[in-house]
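**Q** So the protein lines, in turn, are chains A, B and C. First residue of the first sequence? That's 1 in full-length UniProt numbering, and the numbers climb one at a time after it. First residue of the second sequence? That's 1 in full-length UniProt numbering, and the numbers climb one at a time after it. First residue of the third sequence? That's 1 in full-length UniProt numbering, and the numbers climb one at a time after it.
Don't read these hints as lab results, they were simulated from the structure. Each hint should be verified, as a subset may be incorrect.
No farther apart than 20 Å at their CA atoms in a straight line, the calculated lysine to aspartate or glutamate pairs in the EDC-like style are these [what the hints assert, rightly or not]: (1) C:Lys336 x C:Glu241; (2) C:Lys279 x C:Glu313; (3) C:Lys361 x A:Glu333; (4) B:Lys481 x B:Asp198; (5) B:Lys157 x B:Asp55; (6) C:Lys44 x C:Asp82; (7) C:Lys318 x C:Glu298; (8) C:Lys154 x C:Asp81; (9) C:Lys361 x A:Glu146; (10) C:Lys169 x A:Glu262; (11) B:Lys481 x B:Glu252; (12) C:Lys281 x A:Glu173; (13) B:Lys168 x B:Glu252; (14) C:Lys279 x A:Glu173; (15) C:Lys355 x A:Glu2; (16) C:Lys281 x C:Glu372; (17) A:Lys132 x B:Asp198; (18) C:Lys355 x A:Glu146; (19) C:Lys234 x C:Asp120; (20) B:Lys467 x A:Glu146; (21) A:Lys302 x A:Asp71; (22) A:Lys132 x B:Glu252; (23) C:Lys283 x A:Glu173; (24) C:Lys117 x A:Glu178.
Every value quoted in this text rests on a predicted model; they were computed, and no experiment measured them.
Residues per chain, in single letters:
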Amino acid sequence: MERGRISAQQLMIMMVLFVLGDTILVLPGSTAMLAGKDAWISGLLTVAAGLGLIWFYAAFQKRFPAMTLVDVSVNLLGRWLGGAVSFFFLFGYLLLLAASMLRVLGDFMTTHVLPNTPVQFIYLLFLVISVKAVRSGLETIARTAEIVFPWVVMLITLLIMFVVPQSRLYHIEPVMAEGIKPILAGMYIFLAYAFMEPVAFYMVMPFVRLRQGKGLRKPLLLGSGMGGLILVVIIFFCLTVFGPVITRESIYPSYLLAKKIELGEFLQRIEVIMAITWLFTLFFKLIISFYGTCLGAAQLFKLKDYRLLTLPLAMILMVLPDLLAPSVIGISEIGQVYPLFDWTFSVGLPLCLLLVQLVRQKMKRSRSSEEQGALPQKGEPR
Amino acid sequence: MTTQQRAPLDHSLHRNLTVIRKAIGTSGDIIIREFQAGRSGEVPAAIIYADGLADANAIQSMVLRPLMLADMPLGIGQIPLASRAKEHIVYIGDVEEITDLESLYKAFLTGNSVLLFEGDQTALSLDTKGWKERSVDEPSTQNVIRGPKEAFTETLKTNIGLLRRRIKSTTMQVEYKTVGRLTQTDLAIVYMDGIVADEVLNEVRHRLSLIDIDAIFESGNIEEFIQEEQLTYFPTVFNTERPDVVAAGLVEGRVAIIVDGTPFVLLVPALFIQFLQSPDDYYQRADIGSILRTLRLVALFIAMLAPAAFIAITSFHQEMLPSSLLISIAASRSGVPFPVFVEALIMEITFELLREAGLRMPKAIGQAISIVGALVLGEAAVQAGLVSPGMVIIVSLTAITTFVIPYSSLAVPIRLLRFSLMGLAAMFGLYGIFVGLTYVILHLNTLRSFGVPYLKPYAPFIMADQKDGVWFRAPIWKMLKRPLSLVNRNQTRQRPPVPKPSGKE
Amino acid sequence: MTRLACRLLFAAAMLLLLPGCWDRHELNDLSIVSTMGFDKKGDKILVTIQVLDPNEVARATGTASGSAPVVAYEAEGVTVDDAIGRLSVKAPYPLYLSHVRMVVVGEKLAREDGIGKVMDFISRDRQMRTDFYIILARKTTANNVLSIFTAINKIPGNKMFSALETSSKEWAPVTGMHLVQLIDDLVTGGKQLVLTGIRIDGDPDKGATQQNIENISDLARLSYTSLGVFRGDKLVGWLNENESKGYKYIRNEVVRTVGFVQCGPKQYTSFRIIRADTKSKVKFVKDKPEIHLNVRIEADVNEQTCGLDLNKEESLVKLSELASYKVVMIVKDTIKRGQQFHSDIFGFGELVERKAPRYWKQHREEWTDLFEQLEPVIHVDWNIRRVGTKSRSFLQEQEE
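Pulled out of the complex, with its shape left as it was, chain A reads as follows (with noise of 0.2 Å):
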């Protein structure tokens, strides 16, 4: 099926990409709209309950070595039912995610760089690419991954030098002035979209070449703490600069963010430039889900090859993202309710299975092995 392997470090790198994903560009809006001032606490606190339950998937992973998700389920839950928990995974989610980076991707350029070109042309230019990178293979996604990442760690190092001088501190005082609540509010809402949508990686992680004694969980750990923290200090600095009024106002901060960057009379009004951060980890974050569907299709329904599904997944790709929601006001309110569909699958999903295979256990020791107790235990929310 996938014949290339990826190193722990590729793996760590795509998991910052990843994690900044669509988030960079929206969560400082979203958070902010729930945790007012202190989103960032919020965001901080978000890392640390992130990163444990990144050390859970990889946790899981170490149970079921060499296996995706698909293969997961399917072992566990038998070929049909197995089947269908992998097709909801897949097609309802992985896919949506794919289809709902391309939405963002289309919303923000229409709305900021290329208003009047119809938004299906900016999805198919993105979908060449992306069909290209599905297709090149895991090997050549990693690879590319570690050649964009330099970029992307300069250019947002670059935005954070040159709003810091204009980052007042009186925006976010006074510290926790509204209670914990809106903290916990924005934690919600953080937690699901840079931290459970790395559930993707399950279809990627089989194929990462472990040295000797060397687990997922460092790679795994680092790389998405480095994206929770990169979120944390762009929402930082979205709320000292324009205080929480209007970061929770505008749709996209982080781009007006990019627009305060200032030297002098020649470096000025390069945001353009620096959109291409979350061109690049939009794309990553696409991409992987994309792979991660195609792959699992193609082990769902034994194909010896998932690239025969790329272009087929890729068409329904370009009419998706129009289905999601009718506008731009439909995607935030969608965005409320999304993160529920998050925990369903990434924390849910992976609970669940890791439960059948404890009773499972149980039973092979007690010798009454009979498999039909362990079915309807998982009673899965779809």
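Starting from the known structure of chain A, fit chains B and C onto it as the hints suggest.
**A** What follows is chains B and C alone, placed relative to chain A:
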């Protein structure tokens, strides 16, 4: 071709010569000289050589003269005359016995002379090669400011000699091969035993052995056969006419393929960064080398992106320009009838035409053309309002930066990409450029050269190899290991301690 | 082979997109707007824009060719966007708003309808950036302001921009207001908005002709005046020059300025203030907020005709005392003025909110009343650093 299938030589000199004459046909440059060997002329013999390939003087004084003055006491057919002549009479160093017609033909067609005796089935191939060859000259395309001024020539043996002079070690191995059914082109695979990766070497041997074609004229022909991905602009085989570059490559674990008849030697595996590393980087101080490399990287991006970025910014993202610049560009463009994309296209194509014309032009006229092209045409086009002055600046900038790239095999894909990116920029602005560049990065990442990922040591990232990267070169005494990207054994380049002035510890 | 054919076909298909170029605008096919003005006209909004003529502007030598470097267009509409849509009939090319340097709002519009509507359009529009200044046209309309010719810098928008940028650093009574800050002031309850006013000195009608800049002394000239005070998004009044200065002291926005003290009849000493730093604090006394302002000023003596010997410590002390007293008075007057306007332009509310969020939550609604009862404690620390190149004035020598 096994020996069984080859037509053997006959005892009779006359019969042999008849067959050979028939094969030669009307070719007047093949000279067959029959003579009587021995002081008293007892033995009928013949020598065959190609006029222009063999050295007539050498044949005369080293072969004919001793043969004619020699004692040939024994009769025909009683002792092997050929081997006696080889052992006692002929003054030539490299002598080979041949017994079949095929090798006989090949011998005189490659410049050897063939000696045949009456009554002997064995002929002698004498190395009397002596054609006019170009002497070792300065490199014509890959110049450096500091560094050796020698370049390879068209002769395989001279070229190998140039390498031997640089690497005086028995571990430098040379394997000969012949490709091309008609041309019978010699080529040599050169590598350092004990450093080169076996997979790469075997792969080179394997791919070369698959070539079955009538003619090979240049290493470019070989390159096309052995590169991995055909559908790419980017070179995955490195070529150079500089022996020092090849020698350095060999020591790093690369394999060189030298083809007879061309000064361009192939070096594999070829990585992307290699095309941006000029030999002077290593001959000048490390810091200067590093700065030059950074400069070259900047030039690469300008050469690829400048017109595209100009199109994108002036026709999509005008807000990126400072007001005053925006006004002056807008003013300079007023009256230009074309969209900026068409304007750029006209200028770029004009430039490419000029460049191609300059290449073919006799040297004396070349200068005149470049003056007409650059000054007159450019000035006139601006005056006539066909193009804006800003565009002229951008195009000249790309032209200059293209020449900064040290190896033209990389400059070509960059020039081609420039046009694609211009198209994308004209459709989607910077978004188009982003998509185009991402596609290029993806494409580069799918490439491999003899199994080695093309963008190594950046993807996959290898920390140790960053010492000799695309924008940085560490001092020589810091490079303790050979590049990990290429070899995984025998990595030690030098052993600490690093040399220091005595008395300073 | 088929693969190659497919790729070629694909490339050809992409070429078909080329005529699309939906967002492509050639630079010379744009009407680059440099200044926008908004006025009230009846029930409608009158939008005036100045469009640059690049050819005229780029004529570096400034040889007059007869036509003006900018052209003003105006149109009225029910909403801002409506009016701008109507403008496209008059302007030669699509309007391009990314290079707007100044936005001028007419006094009448600001007073009667408020600037909310305009600001909503500006902050929502994709092309508008955030780096322009927003000012008020005082005692005139934005339309008039936008029709004045300016000398030296021929683009009035750029002229106004650079003048405001320098003067808000060098001269205390004016302040430059960017969009982000403006919206922040509009939406937060604890700080009301102020905007700098611009007025036309001279005859606006004559100023609208090329003649205006043909004389050494312009017939009509744009100049910045003091600050206009807002309550909500409506203009409620103007501060005078001293009060504007006081406002900037309170807000700690003074970079450099000039001030003087009187030390006798027709005797003055003037200072160049090189550094001013204001620390404002809130203290609660009997559950009531009390504002403390500490102003620290460093100044050089620039000019003195008071007959003081500046070599003597006591004359410096005397000058400092006089100056401090003056600043205290200015600040007090300013605050009183703000209270008369019922508008907390000083951001005292914000201070309270930061210090005591809970108190703020309870008293948010009645803050305006509380603000009016505030009696800030003001302390000024005036330091004289240098006295210029002379310790004594030669005028003194003359007298002696």
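**Q** Hint by hint, note whether the structure agrees.
**A** Cross-check of the supplied hints:
A distance of roughly 15 Å separates the Cα atoms of lysine 336 of chain C and glutamate 241 of chain C; the hinted pair therefore holds under the 20 Å criterion. Pair hint lysine 279 of chain C plus glutamate 313 of chain C does not hold up; C-alpha atoms about 27 Å apart against a cutoff of 20 Å. At most 20 Å may separate the alpha-carbon atoms for a hinted pair to count; lysine 361 of chain C and glutamate 333 of chain A exceed this at roughly 29 Å. The straight-line distance between the Cα atoms of lysine 481 of chain B and aspartate 198 of chain B is roughly 19 Å, inside the 20 Å bound, and the hint therefore holds.
At most 20 Å may separate the alpha-carbon atoms for a hinted pair to count; lysine 157 of chain B and aspartate 55 of chain B meet this at roughly 16 Å. With a C-alpha separation of about 10 Å, the suggested pair lysine 44 of chain C and aspartate 82 of chain C falls inside the 20 Å cut-off, and the hint holds. Between lysine 318 of chain C and glutamate 298 of chain C the alpha-carbon distance is near 15 Å, which keeps this suggested pair within the 20 Å criterion. The suggested pairing of lysine 154 of chain C with aspartate 81 of chain C is violated, with an alpha-carbon distance near 28 Å, which exceeds 20 Å.
Distance hint between lysine 361 of chain C and glutamate 146 of chain A is unfulfilled; the C-alpha atoms sit about 50 Å from each other, more than 20 Å. Between lysine 169 of chain C and glutamate 262 of chain A the alpha-carbon distance is near 18 Å, which keeps this suggested pair within the 20 Å criterion. Between lysine 481 of chain B and glutamate 252 of chain B the CA atoms are separated by roughly 9 Å; this keeps the pair inside 20 Å, and the hint holds. For the proposed pair lysine 281 of chain C and glutamate 173 of chain A, the alpha carbon gap of about 14 Å is at most 20 Å, so the pair holds.
With a C-alpha separation of about 15 Å, the suggested pairing of lysine 168 of chain B with glutamate 252 of chain B holds against the 20 Å cut-off. The straight-line distance between the Cα atoms of lysine 279 of chain C and glutamate 173 of chain A is roughly 16 Å, inside the 20 Å bound, and the hint therefore holds. A threshold of 20 Å between alpha carbons decides the hint, and for lysine 355 of chain C with glutamate 2 of chain A the separation of about 60 Å lies outside it, so the pair is violated. Distance restraint check for lysine 281 of chain C and glutamate 372 of chain C: the Cα-Cα separation of roughly 17 Å lies within the 20 Å cut-off, and the hinted pair is therefore satisfied.
Between the alpha carbons of lysine 132 of chain A and aspartate 198 of chain B the distance comes to roughly 32 Å, so the proposed pair goes past 20 Å and is violated. This hinted pair does not check out: lysine 355 of chain C and glutamate 146 of chain A have alpha carbons roughly 47 Å apart, beyond 20 Å. With a C-alpha separation of about 14 Å, the suggested pair lysine 234 of chain C and aspartate 120 of chain C falls inside the 20 Å cut-off, and the hint holds. About 18 Å separates the Cα atoms of lysine 467 of chain B and glutamate 146 of chain A, which keeps this hinted pair within 20 Å; it holds.
Restraint check: the Cα-Cα separation between lysine 302 of chain A and aspartate 71 of chain A comes to about 11 Å, which is no more than 20 Å; the hinted pair holds. Restraint check for lysine 132 of chain A and glutamate 252 of chain B: the C-alpha separation of about 33 Å exceeds 20 Å, so the hint is violated. Of the supplied pair hints, the one linking lysine 283 of chain C and glutamate 173 of chain A holds, its CA atoms being roughly 17 Å apart against a limit of 20 Å. A distance of roughly 31 Å separates the Cα atoms of lysine 117 of chain C and glutamate 178 of chain A; the hinted pair therefore is violated under the 20 Å criterion.
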